[in-house]
Amino acid sequence: MSDILTYTPVEEIPKIRDDLRATFRTGVTRSLEWRKRQLYQLARMAQNEAEAVCDAMTRDFGKPRFEVIVAELSAVIRVALKSAEKLEEWARPELPDVPDSQKNWKPTIYKVPKGTALIISPWNFPVTLTLQPLVGAIAAGCCAVLKPSENVPHFSELLAKLVSQYLDTSAYRVVNGAVPEITKVLELQWDHIFYTGNGRVARIVTTAAAKHLTPCSLELGGKSPVVVDAAYDMELAAKRILWGKCNNAGQICVAPDYILVPRQKQDELVRGFEKAYRTFFPNGALDDADYGGIVNDFHFKRLSTMLDRSQGEKVGGAFEGRRDPARRRLEPVIVKGVDGNDSLLEEEIFGPLLPIVVVDSLDDAIDFINARPHPLVLYAFTEDPNVKERLINETQSGSIVFNDTFQHLAVAELPFSGIGESGYGYQFLRYTFEAFTHLRSSVDIPKSEESRLSLRYPPHKPEAYQVLGSALNIRIPE
Amino acid sequence: MADTTQLKYATLNEIDAIHATLRQSFRAGKLRSIAARKVQILQLAYLIQDNHDRFKEAFAADLGRPALETALLELDATIGDCKIAYDGVEKWARTEKAPFSLNFFPMRPVIRKEPKGVVLSISPFNYPVWLALGPMIGAIAAGNCFVLKPSELSPAVSGLIAELVPKYLDPDVVRIVLGAVPETTRLLELPWAHILYTGSGRVAKIVCAAAAKTLTPVSTELGGKSPVVIDPKCDLQTAAKRIMWGKCVNAGQTCVAPDYILVPEDAQDKVVQALKATHDEFYPTGPSTAGVFGRIVNHAHFRRLKGLLDRSAGEIAFGGETNENDKYISPTIVKNVKGDDSLMSEELFGPILPIVPVKNVDEAIAFINDRDNPLTLYVFSQDAAFKAKVFDNTLSGSAVANDTLVHCAVDGLPFGGIGPSGSGYHTRKYTFDLFTHLRSSLDSPAWVDAIFGSRFPPYTAKKESFLKSLLGVKLPPRPRQLANGTDQVGKGN
Numbered sequence: 001m002s003d004i005l006t007y008t009p010v011e012e013i014p015k016i017r018d019d020l021r022a023t024f025r026t027g028v029t030r031s032l033e034w035r036k037r038q039l040y041q042l043a044r045m046a047q048n049e050a051e052a053v054c055d056a057m058t059r060d061f062g063k064p065r066f067e068v069i070v071a072e073l074s075a076v077i078r079v080a081l082k083s084a085e086k087l088e089e090w091a092r093p094e095l096p097d098v099p100d101s102q103k104n105w106k107p108t109i110y111k112v113p114k115g116t117a118l119i120i121s122p123w124n125f126p127v128t129l130t131l132q133p134l135v136g137a138i139a140a141g142c143c144a145v146l147k148p149s150e151n152v153p154h155f156s157e158l159l160a161k162l163v164s165q166y167l168d169t170s171a172y173r174v175v176n177g178a179v180p181e182i183t184k185v186l187e188l189q190w191d192h193i194f195y196t197g198n199g200r201v202a203r204i205v206t207t208a209a210a211k212h213l214t215p216c217s218l219e220l221g222g223k224s225p226v227v228v229d230a231a232y233d234m235e236l237a238a239k240r241i242l243w244g245k246c247n248n249a250g251q252i253c254v255a256p257d258y259i260l261v262p263r264q265k266q267d268e269l270v271r272g273f274e275k276a277y278r279t280f281f282p283n284g285a286l287d288d289a290d291y292g293g294i295v296n297d298f299h300f301k302r303l304s305t306m307l308d309r310s311q312g313e314k315v316g317g318a319f320e321g322r323r324d325p326a327r328r329r330l331e332p333v334i335v336k337g338v339d340g341n342d343s344l345l346e347e348e349i350f351g352p353l354l355p356i357v358v359v360d361s362l363d364d365a366i367d368f369i370n371a372r373p374h375p376l377v378l379y380a381f382t383e384d385p386n387v388k389e390r391l392i393n394e395t396q397s398g399s400i401v402f403n404d405t406f407q408h409l410a411v412a413e414l415p416f417s418g419i420g421e422s423g424y425g426y427q428f429l430r431y432t433f434e435a436f437t438h439l440r441s442s443v444d445i446p447k448s449e450e451s452r453l454s455l456r457y458p459p460h461k462p463e464a465y466q467v468l469g470s471a472l473n474i475r476i477p478e
Numbered sequence: 001m002a003d004t005t006q007l008k009y010a011t012l013n014e015i016d017a018i019h020a021t022l023r024q025s026f027r028a029g030k031l032r033s034i035a036a037r038k039v040q041i042l043q044l045a046y047l048i049q050d051n052h053d054r055f056k057e058a059f060a061a062d063l064g065r066p067a068l069e070t071a072l073l074e075l076d077a078t079i080g081d082c083k084i085a086y087d088g089v090e091k092w093a094r095t096e097k098a099p100f101s102l103n104f105f106p107m108r109p110v111i112r113k114e115p116k117g118v119v120l121s122i123s124p125f126n127y128p129v130w131l132a133l134g135p136m137i138g139a140i141a142a143g144n145c146f147v148l149k150p151s152e153l154s155p156a157v158s159g160l161i162a163e164l165v166p167k168y169l170d171p172d173v174v175r176i177v178l179g180a181v182p183e184t185t186r187l188l189e190l191p192w193a194h195i196l197y198t199g200s201g202r203v204a205k206i207v208c209a210a211a212a213k214t215l216t217p218v219s220t221e222l223g224g225k226s227p228v229v230i231d232p233k234c235d236l237q238t239a240a241k242r243i244m245w246g247k248c249v250n251a252g253q254t255c256v257a258p259d260y261i262l263v264p265e266d267a268q269d270k271v272v273q274a275l276k277a278t279h280d281e282f283y284p285t286g287p288s289t290a291g292v293f294g295r296i297v298n299h300a301h302f303r304r305l306k307g308l309l310d311r312s313a314g315e316i317a318f319g320g321e322t323n324e325n326d327k328y329i330s331p332t333i334v335k336n337v338k339g340d341d342s343l344m345s346e347e348l349f350g351p352i353l354p355i356v357p358v359k360n361v362d363e364a365i366a367f368i369n370d371r372d373n374p375l376t377l378y379v380f381s382q383d384a385a386f387k388a389k390v391f392d393n394t395l396s397g398s399a400v401a402n403d404t405l406v407h408c409a410v411d412g413l414p415f416g417g418i419g420p421s422g423s424g425y426h427t428r429k430y431t432f433d434l435f436t437h438l439r440s441s442l443d444s445p446a447w448v449d450a451i452f453g454s455r456f457p458p459y460t461a462k463k464e465s466f467l468k469s470l471l472g473v474k475l476p477p478r479p480r481q482l483a484n485g486t487d488q489v490g491k492g493n
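Residue numbers (the working numbering), protein chains in the order written: chain A, 1 to 478; chain B, 1 to 493.
Pulled out of the complex, with its shape left as it was, chain A reads as follows (with noise of 0.2 angstroms):
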């Protein structure tokens, strides 16, 4: 345990489960108004308290404070004031459209919620990753666990303190801890975990969740590849790349993590992102206040020895690569021709390291892409209609996006999820309420339909097999 978070004592861990359950079933989650109430105590709480939570995560790991209100608290209240406008709107039942024959019986889909969720949130964006989740979930009428990282130990500290003030903790209650704690989280049965991180604890999570039968939402990662078109302007791409790339020091999920561009235009799109980096950071980023650190020694090391080991080509002039191991500050470093078996190319970068990869064709980059595990998502500098078709067609991700990076997480009315090893489930508003969702169907069949109905009783009659078993004559097209 460390000095400065307080882990939850394991024993206590299914009690807590058990209080949130015992609250989901009072029902006490079903009003709406209640749920408003909570909603718009979440958006207080990121308002009220922006300064403390981004003091926390200068401590943590020097994230910009500019970084954590824009990119983190506005999206949360954000979110949680349009949750709660829209609430009514996604949780009134629908009444589908149905033939005819079956409109007396009254067909309703009701929105209910799954019961008790459990929330596992990351180091990287820890107000986002935890609190958009959240909103989905408060939303949605569920009881929540927010299992926050002990990576940010002064956010996650911070977070407890927090819940606990400005929301109802008889039905949101945070968990602090490590492995222990989290062990013993995943042996109890929830009705929902939601699980952003990686790909080989998100294994260990569904394994768990296997044993009750618990549906999962898994927020992962992987490499995203940026597809650069030779007609392209370079400067433009370099900027919005490499702004991609250093946001959080490049430790986002949906960071662009290797470029493939065509051979002969790899040293203009070098001189985009040089000129770039000096408008960015006109004294290099080392010391920068807007350009945030390696969140821990662990990743500082990992990402220090995976670019010591490439054998490509590292970019010098305005870009120093200037390392402070004691601050864990990394600079941004641009790595030319690098192969497809290089160490930049191993496992998802999840820093401030951008390699780039020559192909010779659209084909060559089409496969290089198709060649590893589907992406997050796949970015593409182009304007020609033929090579975004291509790309649609020929690769699959979990989104695609065209001539930007992770803009598409701002189009907060876009579904966000991975596919194959980058995750399964989608979030953002409406979507995050889906999730926490049981679609209960409903009927309710008055008696005046036994005309209708009753040739299905035996004794069948054979008029009964004309009306009921019409299809089997039914004029298919040809």
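The hints are simulated quantities; they were obtained by calculation from the structure and are not laboratory data.
For glycine and all other residues, C-beta sits at the position ideal for the given N, C-alpha and C.
Treat the hints loosely; a few may be bogus.
[Said to hold, decoys possible] Stretch-level coverage of chain A by chain B, calculated; a stretch enters the list once three of its residues show a Cβ under 8 angstroms from a Cβ in chain B:
#	segment
1	189-202
2	227-240
3	418-426
[To be verified] Each computed BS3-like pair below joins lysine-lysine, with the alpha-carbon atoms no more than 27 angstroms apart:
#	chain 1	residue 1	chain 2	residue 2
4	B	K389	A	K106
5	B	K233	A	K103
6	A	K106	B	K83
7	A	K184	B	K335
8	A	K184	B	K213
9	B	K387	A	K111
10	B	K335	B	K359
11	A	K265	A	K314
Once you have looked at the hints, place chain B on chain A.
Chain B in isolation, oriented as in the chain A frame:
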């Protein structure tokens, strides 16, 4: 009829080869076009229509299923589903625009509907056409390549499907794998874009544990004990008819069969009388008459059901006839059953209907909530307040009033369980959605940075406040109290 009990199981090598072939076909984009998908769906409809007599024979061999039940619940239903998909696929697959957002509309945000890849469906013995081919329709409509592992417990129907599918559908995109435990184990070791498992909770856990190793998403359609709550003031005659029908179809081997009844003690005998009257109307020459009532799928299940009945401490009100050779169990009502009776220990999946007398509806609700969430909860009542009370205070896959089974036939209602009864929805468009990946996309023009350039470092206070004004929100007035009545609403008072 040929010896249908000797199914030719796939070898493990064949399974690997099938997986590899279908993956290649998917990559080659064989089902990318809507037209290609419609051809396969149409072929499937003809497969059924052309062979309906052979199917009826196969059902009789496997399940002793009366011809009308087969036509209505399986063949008819599946052809109908083909038509719905054939007509709907173009619309279902169309790319959707994201709801309008002032800030982001220039980036043209859209949601593409894409196939997931090569998917696997494992289907059970009880509805061996509808539960086997239904998912196939939705998966193909969504553009996926599809492997079906149908049940070895319904060998005549599964064998027939395995024979006919390669004749009607393209073997590069759809394959049938026949087998039992070793073959299924091999299938589960491979990575799939999605697995749909329909069957028991016990096996579902095995499927999910295997899928966890490859991060394959799984949907499960399971079962459980679907309770029937009867309001003694309801129209009992109609209720009895509809409950008996639901229980007798397929000899009770239906995941949403009404499993047991909860009714106030003093109404129990009335209910029994109404059920008996219906029974006699349904089977004037008796349920054992050939061709009017189904049989238990195999001897193991027959013995299981007979054992549950023999060990029950309840009283058989009527029925209770069994014939092991014929795998026949007559529709049987057992009264005065208690919560710990053998008949309450597991999903019945047979034509035995226990009645559990309770004091009142509150006790019925507590009884239900003490047990696993059922796949369907049935309530028979004309009183809106009664229905609302039961449904609002319980949780179940579906909530059905005043009939049984028919909710599966309503196009537009998602069918799925919750908790131990399963997760994920299917039927018709919901099956299409199950096998579809929503791939979000946007396309950002250069000029957008005239506004959004503020996102780029160096980060200045001016940029921060500009972005806040662009993206920020105004909160409603501060709440005064939490729902639990406390005044403590957090800092900032």
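Discussion item. With the threshold set at 27 angstroms, check whether the alpha-carbon distance from A:K184 to B:K335 stays at or below it.
Written reply: violated, 43 angstroms
Discussion item. Between the alpha carbons of A:K265 and A:K314, is the straight-line distance 27 angstroms or under?
Written reply: Between A:K265 and A:K314 the Cα gap is close to 17 angstroms, so the pair holds against 27 angstroms.
Worksheet item: Are the Cα atoms of A:K106 and B:K83 separated by 27 angstroms or less?
Response: holds, 24 angstroms
Worksheet item: Per the coverage rule (Cβ-Cβ under 8 angstroms, at least three residues), is the segment 227-240 of chain A covered by chain B?
Response: holds (count 4)
Worksheet item: Hey, A:K184 versus B:K213, does the alpha-carbon distance stay inside 27 angstroms?
Response: Roughly 21 angstroms between the alpha carbons, so the hint for A:K184 and B:K213 holds.
Worksheet item: Is B:K335 within 27 angstroms of B:K359, Cα to Cα?
Response: holds, 15 angstroms
Worksheet entry | Outcome, coverage of the segment 418-426 of chain A by chain B - at least 3 residues whose beta-carbon is closer than 8 angstroms to one in that chain | holds (count 7)
Discussion item. Tell me if the straight-line CA distance from B:K233 to A:K103 falls inside 27 angstroms.
Written reply: It holds: about 25 angstroms lies between the C-alpha atoms, which stays within 27 angstroms.
Worksheet entry | Hint consistency between B:K389 and A:K106 [alpha-carbon to alpha-carbon, up to 27 angstroms] | Holds. B:K389 to A:K106 sits at ~18 angstroms (cutoff 27 angstroms).
Worksheet entry | Per-stretch coverage check for the segment 189-202 of chain A, three Cβ contacts closer than 8 angstroms to chain B | holds (count 3)
Item to complete: Assess, step by step, whether the Cα of B:K387 is no farther than 27 angstroms from the Cα of A:K111, and give holds or violated.
Response: holds, 17 angstroms
In summary, the structure is inconsistent with hint 7 from the numbered list given earlier, while agreeing with all the others.
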